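Residue numbers (numbering that gives the first Met the number 0), protein chains in the order written: chain A, 0 to 395; chain B, 0 to 395.
Since the hints were derived computationally from the structure, they do not count as laboratory data.
Accuracy of the hints is not assured; some may be wrong.
Because identical chains share one entry, a pair is satisfied inside a single copy or across any pair of copies.
As the list claims (entries may be wrong) - No farther apart than 25 Å at their CA atoms in a straight line, the calculated lysine-lysine pairs in the DSS-like style are these:
no., residue 1, residue 2
1, Lys333, Lys152
2, Lys169, Lys152
3, Lys199, Lys113
4, Lys316, Lys169
5, Lys199, Lys333
6, Lys77, Lys152
7, Lys202, Lys308
8, Lys316, Lys152
9, Lys362, Lys199
10, Lys308, Lys327
11, Lys316, Lys367
12, Lys334, Lys266
13, Lys59, Lys266
14, Lys19, Lys102
15, Lys152, Lys44
16, Lys199, Lys367
17, Lys113, Lys44
18, Lys113, Lys16
19, Lys44, Lys333
20, Lys16, Lys189
21, Lys113, Lys77
22, Lys263, Lys102
23, Lys71, Lys263
24, Lys16, Lys309
These figures come from a predicted structure and were not determined experimentally.
There are 2 protein chains.
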Amino acid sequence: MKAQLGGDEGKHKFVLKTPKGTRDYSPKQMAIRERVFDAIITCFKRHGAEVIDTPVFELKETLTGKYGEDSKLIYDLKDQGGELLSLRYDLTVPFARYLAMNKITNIKRYHIAKVYRRDNPAMTRGRYREFYQCDFDIAGQFDPMIPDAECLKIVHEILSDLQLGDFLIKVNDRRILDGMFAVCGVPDSKFRTICSSVDKLDKMPWEEVRSEMVGEKGLSPEAADRIGDYVQLHENDHVGEPVSVGSVAGGGRYDGLVGMFDPKGRKVPCVGVSIGIERIFSILEQRVEASEEKIRTTETQVLVASAQKKLLEERLKLVAELWDAGIKAEVLYKKNPKLLNQLQYCEETGIPLVAIVGEQELKDGVIKLRVVATREEVNIRRESLVEEIRMRTSRP
Amino acid sequence: MKAQLGGDEGKHKFVLKTPKGTRDYSPKQMAIRERVFDAIITCFKRHGAEVIDTPVFELKETLTGKYGEDSKLIYDLKDQGGELLSLRYDLTVPFARYLAMNKITNIKRYHIAKVYRRDNPAMTRGRYREFYQCDFDIAGQFDPMIPDAECLKIVHEILSDLQLGDFLIKVNDRRILDGMFAVCGVPDSKFRTICSSVDKLDKMPWEEVRSEMVGEKGLSPEAADRIGDYVQLHENDHVGEPVSVGSVAGGGRYDGLVGMFDPKGRKVPCVGVSIGIERIFSILEQRVEASEEKIRTTETQVLVASAQKKLLEERLKLVAELWDAGIKAEVLYKKNPKLLNQLQYCEETGIPLVAIVGEQELKDGVIKLRVVATREEVNIRRESLVEEIRMRTSRP
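Chain A extracted, bound-state conformation (with noise of 0.2 Å):
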């Protein structure tokens, strides 16, 4: 019952912020983010995949040994009785899990969901703690390369409908990088803490990630400065590159994680790819702000006003009707509005029509029918008003 919230009882004070590294969406904020999703989503199923859902928190032990050293960047809930459980950490997890769960061993299906990370964040340029993934996967005995080549070809699309600008996607193989270790003198048992070191190279200098690998990480400075070589060849790959706004997309085969959860330890191959909206949201959203588009953040085809007092009952009448015919509608909740009140509201949130009852055209049978943007009126019989509401206001 939500008329227990309001007591007036104990004004407390808070800080009013959300949690670090999160954020509210404004109405114009979900309006873009609505568009993203929107091509992201038509993308996935013109692939044909189905789509899932899983809660946003696993029990501990189904993230435990699957994250390296990020585990420490997993949201852990507080131990208050019962199982012990984490947020997600992306979405892969959670659907081989679910796979294992239903013995299920063929399907393709995409994931759109927000995670978790208790990452330093960086808002301004698309990295929170809280943020969506877009997930695409196929899992299933294939014949080889065959999905895969149909993730990448998912991830171009989405990128060009997005019309985001040049983009580069990089193919890479885990036992390429095996082999340079090899040849570098990485030990075996070296091999993933260092991968991961050699991963922030999207984020820090080489000269950092070296000495992470050699101080935090124990690794000889010959070897590293061996790694160093082959990854100053990498650079010497990408000048001229255009500035970048970073990754906004990943992927990979990830053939052994389902086998992790089966008790048996049957596997079920796997493959996808992330999209990860943040960065493309930020980009989109500085453009919007630079282009002053304006936005609408409803879909409101005609507002009903009055232009005389004591007409709150046939404003309520007619958009009632309306409403029951499908148009989409509002009514100012004042007793006896101004119309030019009325006529403000719909400039302000580009409410295209307005339809004005008045005392007469109820007598006669019409309703005035105002088109903000010329000032037209015309009179237009009552029966015939959601017609005319649709014709007017249906996309070309």
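With chain A's structure known, arrange chain B on it following the hints.
For chain B alone, coordinates are given in the frame of chain A:
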């Protein structure tokens, strides 16, 4: 990098389950869920609501003092250094925090998201620890009862739309309960806690509620019995009520809540409703099971197939053409799939058309299009294929 996840090392075995009170949604369940969301969102948009989103967790202090006794049901996050956080318990308090934080005095918004309560789950009856709320709220100073009436209209429209059968909307005013308590001799200090006991009458018989009032909450037996008289009246009201599935929506005014967040205590009157989709979803899911209606979980229009071997590249080329034209298309991930298997896949998943690539047809510049339901086959010129598929799969 997903490549890191799938290590074959260390096959730990886990309890394969979702946390207590939570569940996964399978593709079929998602299809039903989407229908429900669609009806609800359509209604909210019809009424001109904007949409916002807030983080899944809030600062713990944001939730403190808002839920009375129910506070014990809040999920807290573990203190891992930094801020103390809790999962949101509803969408109302985050909304009020959002309004105060952004100094918004006037908005009509909806918010559909999961909320979290460490309650005793009864999942067969649609009671979960992680569940969706679909909230519509109107904030602002308006003439009395107009926004309130729209909230009722919305509940009526949504429940009618979903065709759940007859429903009863109960309207009450907290002040009636306050008056009743005063008459029954409940001391002011116990109003809140006794109010929360009365709330439980939906789930518990009067005798249990009475013993909670007297035993746990120290109300005098006489006062409890006088309340009982009113409750009995209430029950007589509903003799003959059909088998109930319980409450699927609730709402009310909370004029004081935003003021609790505002540094100067400035109030923003609010009224809203919350639709609980879990019970609705349970009802619809059971109905679908009973009807044996076949629910498609994808929207794929056509499968690109081949009858002969060595046509993988040609299949991939064609399916890419279709994707680029916006056709929802799939291809089996096999080098040389059997035609029978490809047709079977269409039968199982409800794909209505098969575009069959053949060597002779490729030479002739045509594709064989097969209608799965009728087995009819026609050769279509490749450049007309997209149009033909669109025509044959457009909904009437």
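Going through the hints against the structure:
no.	hint	verdict
1	Lys333 <-> Lys152	between (53 Å within a copy, 17 Å between copies)
2	Lys169 <-> Lys152	within (13 Å within a copy, 53 Å between copies)
3	Lys199 <-> Lys113	within (23 Å within a copy, 34 Å between copies)
4	Lys316 <-> Lys169	between (60 Å within a copy, 22 Å between copies)
5	Lys199 <-> Lys333	neither (58 Å within a copy, 36 Å between copies)
6	Lys77 <-> Lys152	neither (42 Å within a copy, 41 Å between copies)
7	Lys202 <-> Lys308	neither (64 Å within a copy, 47 Å between copies)
8	Lys316 <-> Lys152	between (52 Å within a copy, 12 Å between copies)
9	Lys362 <-> Lys199	neither (74 Å within a copy, 51 Å between copies)
10	Lys308 <-> Lys327	within (24 Å within a copy, 54 Å between copies)
11	Lys316 <-> Lys367	within (15 Å within a copy, 56 Å between copies)
12	Lys334 <-> Lys266	between (67 Å within a copy, 21 Å between copies)
13	Lys59 <-> Lys266	within (22 Å within a copy, 42 Å between copies)
14	Lys19 <-> Lys102	between (38 Å within a copy, 20 Å between copies)
15	Lys152 <-> Lys44	within (14 Å within a copy, 34 Å between copies)
16	Lys199 <-> Lys367	neither (64 Å within a copy, 51 Å between copies)
17	Lys113 <-> Lys44	both (20 Å within a copy, 24 Å between copies)
18	Lys113 <-> Lys16	both (19 Å within a copy, 20 Å between copies)
19	Lys44 <-> Lys333	between (44 Å within a copy, 20 Å between copies)
20	Lys16 <-> Lys189	neither (42 Å within a copy, 33 Å between copies)
21	Lys113 <-> Lys77	both (20 Å within a copy, 19 Å between copies)
22	Lys263 <-> Lys102	within (11 Å within a copy, 57 Å between copies)
23	Lys71 <-> Lys263	neither (29 Å within a copy, 40 Å between copies)
24	Lys16 <-> Lys309	neither (43 Å within a copy, 60 Å between copies)
In this structure, the hints that do not hold are numbers 5, 6, 7, 9, 16, 20, 23, 24, in rising order.
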